[in-house]
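Here's the letter readout for the chains.
2 protein chains.
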Amino acid sequence: MSQTDTKQRILDAAEHLFARDGYHATSLRSITTEAEANLAAVNYHFGSKESLLEAIIDRRLRPLNQIRQGQLDALLQKTEAAGTIPSCRDVLRTFVEPTLRLRKQGSGSENFIALIGRTLAEPQGIAMSIFMRNMEPLLARLFQALNLSLPGVSRQVLFWRVHFVFGSLSHVMRCHERHSIVPEDVSIDMSVEEEVELFLDFAVAGMEVKKQ
Amino acid sequence: MSQTDTKQRILDAAEHLFARDGYHATSLRSITTEAEANLAAVNYHFGSKESLLEAIIDRRLRPLNQIRQGQLDALLQKTEAAGTIPSCRDVLRTFVEPTLRLRKQGSGSENFIALIGRTLAEPQGIAMSIFMRNMEPLLARLFQALNLSLPGVSRQVLFWRVHFVFGSLSHVMRCHERHSIVPEDVSIDMSVEEEVELFLDFAVAGMEVKKQ
DNA sequence: ACCTGATTCAAACGAATGTTTAAATCATAT
DNA sequence: ATATGATTTAAACATTCGTTTGAATCAGGT
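Top to bottom, those sequences are chains A and B.
Going by the working numbering, the first sequence opens with residue 1, and the numbers climb by one from there.
Going by the working numbering, the second sequence opens with residue 1, and the numbers climb by one from there.
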């Protein structure tokens, strides 16, 4: 059993428990038990509980953001070459689609998505600063692209609507399991494409609407 | 200094700290310090930390839901008497307006709103079950009214869109302070009415949109 | 003034937390 | 085989946690 085995098992277990119970409600003992590792392994491999959280976020957020960044760049290059402006729907899709696709990818990534969803709900938390360090450049470019795609919407209103969309998305990210208020006749199993377009139907309409 | 003084001070302090740092990251010692009460006061007046959380939620959620319920009933009676169906905007307003109004009311209610916002982000948490006990009847009626107001939207799609709206709303509830990603030139000070209508512009457009 | 019940207080409880230690074990290259 | 560095292990570390205790203090009625 090599070093990376233990490290990975700890990362997976912690990702799962942090997502399910939250950072503070999860003990290192419960993590190492689930990972079948010794209690001291966390501090040996990661240094501290907080650094473990950082490693969890970095592991998946870095490649995810590279995909988002690549799709956004490709879209902007394409529209610029064609002399048009990107649609709000296409801009948002570069952010949302890789997110929901990663969740369906398995091997614990659904836990990561839920963890990020929780993180967004704790503005003052430890996870938020780690998260924002990875997100800030991309978020700035995304806002810029949305501003370009919606010339009729003021920066003021645009900001709030982006806020609303992020709220919706983080909620969807958190709730990957059947909820108590979900009616029995509502199916929650959809393909990634269905999920993405269902979300974009909602989000784009809200982004584009003229003031009433 | 009477009994209710200490009880109220503990409720206010705990509401503030639970909202800011989360339930598990807040200790009874930090609560009683902020409330200028003895450590044992929490267990004397409330029995346990968990019962304190329950008291916090009950204190404000009960009257808030009565207002929401009253406004929804009034709307449904009015439209039924007129032989029409309620608009989606009016139905959503009966839920959203009392919420954002309470936040602006002061005396710590903004902490409660943020706490509920956090609660909605912890599906498996202790607060969620306490919260849902108070919310389930109203949520069922709200969903029914929305179904009535949007005859063109299937139950399946409607459920998801309500999900999205709740995500947006809970996000707005959490973020009552200026965020790091908020551009400098974006004002976050609005009247309740402005806030409500800005939110409803977004949410109603997403609820009503035809599939693309 | 005195009694009674409610409230406050300092102190301590056992349990659980994140972290550290030092010895034991493993893997690998010479 | 042996030496070396990486990893694992059991045990203990000092804190902090929620809760409990029993005495002290308070308020109000007789």
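Mixed in with the good hints there might be a few duds.
Unchecked claim - Label-pair ranges, simulated between beta-carbon atoms: (1) A:R141 - B:K211: 28 to 36 Å; (2) A:P63 - B:D73: 49 to 57 Å; (3) B:R62 - A:M132: 30 to 38 Å; (4) A:K210 - B:M190: 43 to 51 Å; (5) B:Q77 - A:E50: 53 to 61 Å.
Simulated from the structure, these hints should not be mistaken for laboratory data.
In this text, all values refer to a predicted model and were calculated from it rather than measured experimentally.
Glycine included, each C-beta is placed from N, C-alpha and C at the ideal position.
| query | Does the Cβ pair R141 (chain A), K211 (chain B) satisfy 28 to 36 Å? | reply | holds, 30 Å
| query | Do the beta carbons of Q77 (chain B) and E50 (chain A) sit within 53 to 61 Å of each other? | reply | 54 Å Cβ-Cβ, so the 53 to 61 Å window holds.
| task | Could you check the hint for me, namely that P63 (chain A) and D73 (chain B) are 49 to 57 Å apart, CB to CB? | result | Once the Cβ atoms are compared, 51 Å apart, the range 49 to 57 Å for D73 (chain B) and P63 (chain A) holds.
| Range agreement (Cβ of M190 (chain B) with Cβ of K210 (chain A), hint 43 to 51 Å) | violated, 19 Å
| Regarding R62 (chain B) and M132 (chain A), is the given constraint of 30 to 38 Å on their beta-carbon distance met? | At roughly 36 Å between Cβ atoms, M132 (chain A) and R62 (chain B) fall inside 30 to 38 Å, so the hint holds.
Violated hint: 4 only; the structure is consistent with all others.
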